[in-house]
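Fit chains U and E to the known structure of chain G by using the hints.
Next come the chains, spelled out residue by residue.
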Amino acid sequence: MAEDGASSDGHADLRRIKCDPNYWYPVGWSHELKRGKTIGTRYAGQPIALVRPQEGEVFALEDRCAHRQVPLSKGRVEGESVQCCYHGWAYGRSGRCIDVPYLGKGKLPNGVRTYPCREVGGLIFVFPGDPDLAASVPLPSLARAEDPEYKTRRFGRHVDCHYSFMHENLMDMNHQFMHMKQMGKMKPRFLGNDIQPAMVEARYSFARTDGKQPWGETIIFGQRRDNSAKYAHRDVMTIRTEYPYQTLRISTDGAPPVMDLWIVYVPQDEAQLTCRVFGLLSIRRPKLKGALELAWPFLVAFTERIFREDRDIVELEQQAWRELGGDHNQEVFPVINMLRDLLRRCGVAPVHEAS
Amino acid sequence: MAEDGASSDGHADLRRIKCDPNYWYPVGWSHELKRGKTIGTRYAGQPIALVRPQEGEVFALEDRCAHRQVPLSKGRVEGESVQCCYHGWAYGRSGRCIDVPYLGKGKLPNGVRTYPCREVGGLIFVFPGDPDLAASVPLPSLARAEDPEYKTRRFGRHVDCHYSFMHENLMDMNHQFMHMKQMGKMKPRFLGNDIQPAMVEARYSFARTDGKQPWGETIIFGQRRDNSAKYAHRDVMTIRTEYPYQTLRISTDGAPPVMDLWIVYVPQDEAQLTCRVFGLLSIRRPKLKGALELAWPFLVAFTERIFREDRDIVELEQQAWRELGGDHNQEVFPVINMLRDLLRRCGVAPVHEAS
Amino acid sequence: MAEDGASSDGHADLRRIKCDPNYWYPVGWSHELKRGKTIGTRYAGQPIALVRPQEGEVFALEDRCAHRQVPLSKGRVEGESVQCCYHGWAYGRSGRCIDVPYLGKGKLPNGVRTYPCREVGGLIFVFPGDPDLAASVPLPSLARAEDPEYKTRRFGRHVDCHYSFMHENLMDMNHQFMHMKQMGKMKPRFLGNDIQPAMVEARYSFARTDGKQPWGETIIFGQRRDNSAKYAHRDVMTIRTEYPYQTLRISTDGAPPVMDLWIVYVPQDEAQLTCRVFGLLSIRRPKLKGALELAWPFLVAFTERIFREDRDIVELEQQAWRELGGDHNQEVFPVINMLRDLLRRCGVAPVHEAS
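Chains as they are written, first to last, in full-length UniProt numbering: chain G, 1 to 355; chain U, 1 to 355; chain E, 1 to 355.
The following block holds chain G by itself, in its conformation from the complex (with noise of 0.2 Å):
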């Protein structure tokens, strides 16, 4: 199986499947970068340079001098262009090399690679597929990260895995099993699924059946709730992959949702057995004003907590993956396979060796 990428169910080994790089991926935050500096970053091996000049938009180049392959991101933005630390090579907006101090300008050397760059919603995205496809891609929708009634908690981390375990873990609901400890027992009803050639939807509802409304579930409902029949299934949640993203909704007998996730999790290295995670969660402020700025430090903890588990778990897939030397998910819930089906059918197989 290790060989042939194949898992046991005869698909392909959905661990080795790539992100398909025809999508625009974040790959920084705004506030990470200030006017006049570049910052280095990565998208599945590929190591870019963000680089924001005095004036004008951001950029981003390959992370790589044309010289001698030291980060670009080392250097010194001037203008318009940034100026390789190590001899002084500098490269404009378009990536073609426009200085070297020692040589005529007659003669100068091949540039490097340029990415596709916007930024928008306090992140910054390129676009690591084919360029010619970048203006006819659009750029995700935010969910509510730019709504005046909604309050954002901007999030990331780096986790040790592909990213298809954090969409399997988000979506495949009946693991709030082990967030008993931060949550209570809370049996999930599943309530239906949507399928789309791109897009995958479950939805739930819930009822607890044991322990206190945990303080950060109170600050997403804005209410106190007990344990009663009268709160249990009364809140639809619905987690949606649409590749490559991925949102989480809270919403309360049709009203606008009380909860809002977007998240994304980009691959680092090649193998893409890491990824990157950039997440918008936003909860819809309450009529009493400021109960949220000052509610929000305990949100923050819960969530970070229930994060933690998370990620603690998937590593662990990952782990146990890289022991056995492939995917032995033996999966039971239908939309979870409907999930796997579409990361493989979006993805980009690897490319086997002729035998």
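Treat the hints loosely; a few may be bogus.
Note: identical chains are not told apart, hence a pair may lie in one copy or across any two.
Below, computed lysine-lysine pairings styled on PhoX-like, alpha-carbon distance capped at 25 Å [said to hold, decoys possible]:
no.	residue 1	residue 2
1	Lys181	Lys37
2	Lys34	Lys230
3	Lys181	Lys18
4	Lys181	Lys230
5	Lys185	Lys18
6	Lys287	Lys151
7	Lys34	Lys151
8	Lys187	Lys151
9	Lys289	Lys181
10	Lys105	Lys185
11	Lys74	Lys187
12	Lys151	Lys105
13	Lys212	Lys230
14	Lys187	Lys105
15	Lys74	Lys181
16	Lys74	Lys18
17	Lys230	Lys187
18	Lys74	Lys185
19	Lys185	Lys37
20	Lys34	Lys105
21	Lys34	Lys181
22	Lys187	Lys34
By construction, these hints were calculated from the structure, which means they are not laboratory data. Since the model is a prediction, treat every value here as computed from it, not as a measurement.
Relative to chain G, chains U and E alone:
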């Protein structure tokens, strides 16, 4: 040599020989595993969950949930079953999956492998080979570990080497040279050996040629000795590999041993180039009650120092093996060559790929 | 490219070229090795034990006991021999095994390899190639290291890169750009080069275009200088690779150099992608006695900062090489291409496997 696993002497490379799994191997200490708990351990790359239910005997399962291969040892013990921490799949003593909380009982998925498991003398043993053979293979005799005439130290640690280096280290008492700082100058005399299909035994006596008797030794012998001829070559040290275990006994004039060690080196990783040591070191109680208890901390410190020197050197042997890509041991001591043959004969040679 | 070791320019990949072992390479500092002691060192993956007996010259043995391949440098020096720490096998200056304490003298086993060894200028050199050539290959001249007119700093450290990156770094003075923070803006002028079968030389002068003269430079030149034309391009810096060593000299108006550096980069691992630097930096003593001693700590700190910047950048080059699977250097400076040809020509190309 690295390619075909054969060493310069034409034999299969001893450091590539795997332990025969059709023996009982300890994988944990009884005191590590509380009632109603589970812990994760390993045999030769196989993760094993040891479970001590609220009632009844310890049992041992493959430490990977059938669903997503995460460790069952991270889960919860409920009655006589263990629930996976992630989605709550439950497994009984037989390894069968007995519950998936969100699935009808009619269509339960496959379970996990179990290991025959026994608990004796403070050790938890599993039988990693063919389970049908377990009943006919006896548990090892643990020397004086349960004899009230003796006080037993239970010790263990991980050593980064193939188990064969450990057997050779203990049996070749010419390595007393290395412990000179701890023990003073001791001249070993080889008294002879014994050999059977699954056993090799070497016998030695010693004479102190320089330095004082260390306190640790005084405790073991229960008497203070000078370097006079009176004590030279009086005690017989018998070291025996009874596959896959090893023992070392020191006796004076045919009396019951003053020291009796039972020890085994359990492979940890799949290549078996690391091992976990489980040792039972029994010291005969002196007539003076309480004396051994008082001296115990000194004995512990003394044996720890000796063991640390042994560990450092076998890890250097293993490192040289890695760098050289194979075993270059040039052995001149016949009993060690007998031992090497035994470990090859009783172990499992690596399967070679057809050319 | 990673496969056949050839780079994009059709040459063998420079970073896969091994150092020619038929030269004298330093592997230790004299002060590291006390009388009656032994230390372990390396050349290109070969472990070497340097032994300084109670009397007579240092000698160098393969640092693996013939018995069990553990380092002899962990052993004890006895007269003119070294005893392995494990079972006491002893080896003389010739590498022959001269004693196994528990074996008759008639049947002593094979010994270990020796290396021709010389000690000069505070350095211990070995000749890792064909020992028959050692006598005919001269030790390098160590510049001013033993000249009382100069004070010499001996420095060394490990750098995680192929030695060729170090040669290129020092010879391409356009990398002054990188040291701008330490040195101020210095415009280099290339004055010309010289080339011989085993030598490449580059000459430069400099003009300060901005910033103050750093104190370190003041110490080297023995005078305070402003940025006026008076000092521009007055000094000549001569950098030479005389295979496998490198030197850098600064002279003013044909006077003896104010600074004279001898340096070599000794491969550590078998792939030669890490090296240990041995450098002798000699500064001409000013007329005012004691002034250089007073200023010395500042000079040390200054050169350390420069060296740290150099080390960081060559390690980034090496890291890019690993990620790209080969050398993508796009060199535009002719003398560096001459240097690269020299290192390829004088070094040892990797042996290719037949297809």
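Each hint, compared with the structure:
no.: 1; hint: Lys181 / Lys37; in the structure: between (44 Å within a copy, 17 Å between copies)
no.: 2; hint: Lys34 / Lys230; in the structure: neither (50 Å within a copy, 41 Å between copies)
no.: 3; hint: Lys181 / Lys18; in the structure: neither (35 Å within a copy, 42 Å between copies)
no.: 4; hint: Lys181 / Lys230; in the structure: within (23 Å within a copy, 68 Å between copies)
no.: 5; hint: Lys185 / Lys18; in the structure: neither (36 Å within a copy, 46 Å between copies)
no.: 6; hint: Lys287 / Lys151; in the structure: within (13 Å within a copy, 72 Å between copies)
no.: 7; hint: Lys34 / Lys151; in the structure: within (24 Å within a copy, 46 Å between copies)
no.: 8; hint: Lys187 / Lys151; in the structure: neither (28 Å within a copy, 53 Å between copies)
no.: 9; hint: Lys289 / Lys181; in the structure: neither (31 Å within a copy, 50 Å between copies)
no.: 10; hint: Lys105 / Lys185; in the structure: between (70 Å within a copy, 21 Å between copies)
no.: 11; hint: Lys74 / Lys187; in the structure: between (51 Å within a copy, 21 Å between copies)
no.: 12; hint: Lys151 / Lys105; in the structure: neither (52 Å within a copy, 44 Å between copies)
no.: 13; hint: Lys212 / Lys230; in the structure: within (15 Å within a copy, 77 Å between copies)
no.: 14; hint: Lys187 / Lys105; in the structure: between (70 Å within a copy, 17 Å between copies)
no.: 15; hint: Lys74 / Lys181; in the structure: between (44 Å within a copy, 14 Å between copies)
no.: 16; hint: Lys74 / Lys18; in the structure: neither (29 Å within a copy, 30 Å between copies)
no.: 17; hint: Lys230 / Lys187; in the structure: within (15 Å within a copy, 79 Å between copies)
no.: 18; hint: Lys74 / Lys185; in the structure: between (50 Å within a copy, 18 Å between copies)
no.: 19; hint: Lys185 / Lys37; in the structure: between (48 Å within a copy, 20 Å between copies)
no.: 20; hint: Lys34 / Lys105; in the structure: neither (31 Å within a copy, 58 Å between copies)
no.: 21; hint: Lys34 / Lys181; in the structure: between (40 Å within a copy, 21 Å between copies)
no.: 22; hint: Lys187 / Lys34; in the structure: neither (46 Å within a copy, 29 Å between copies)
Checked against the numbered hints above, the structure breaks hints 2, 3, 5, 8, 9, 12, 16, 20, 22 and satisfies the rest.
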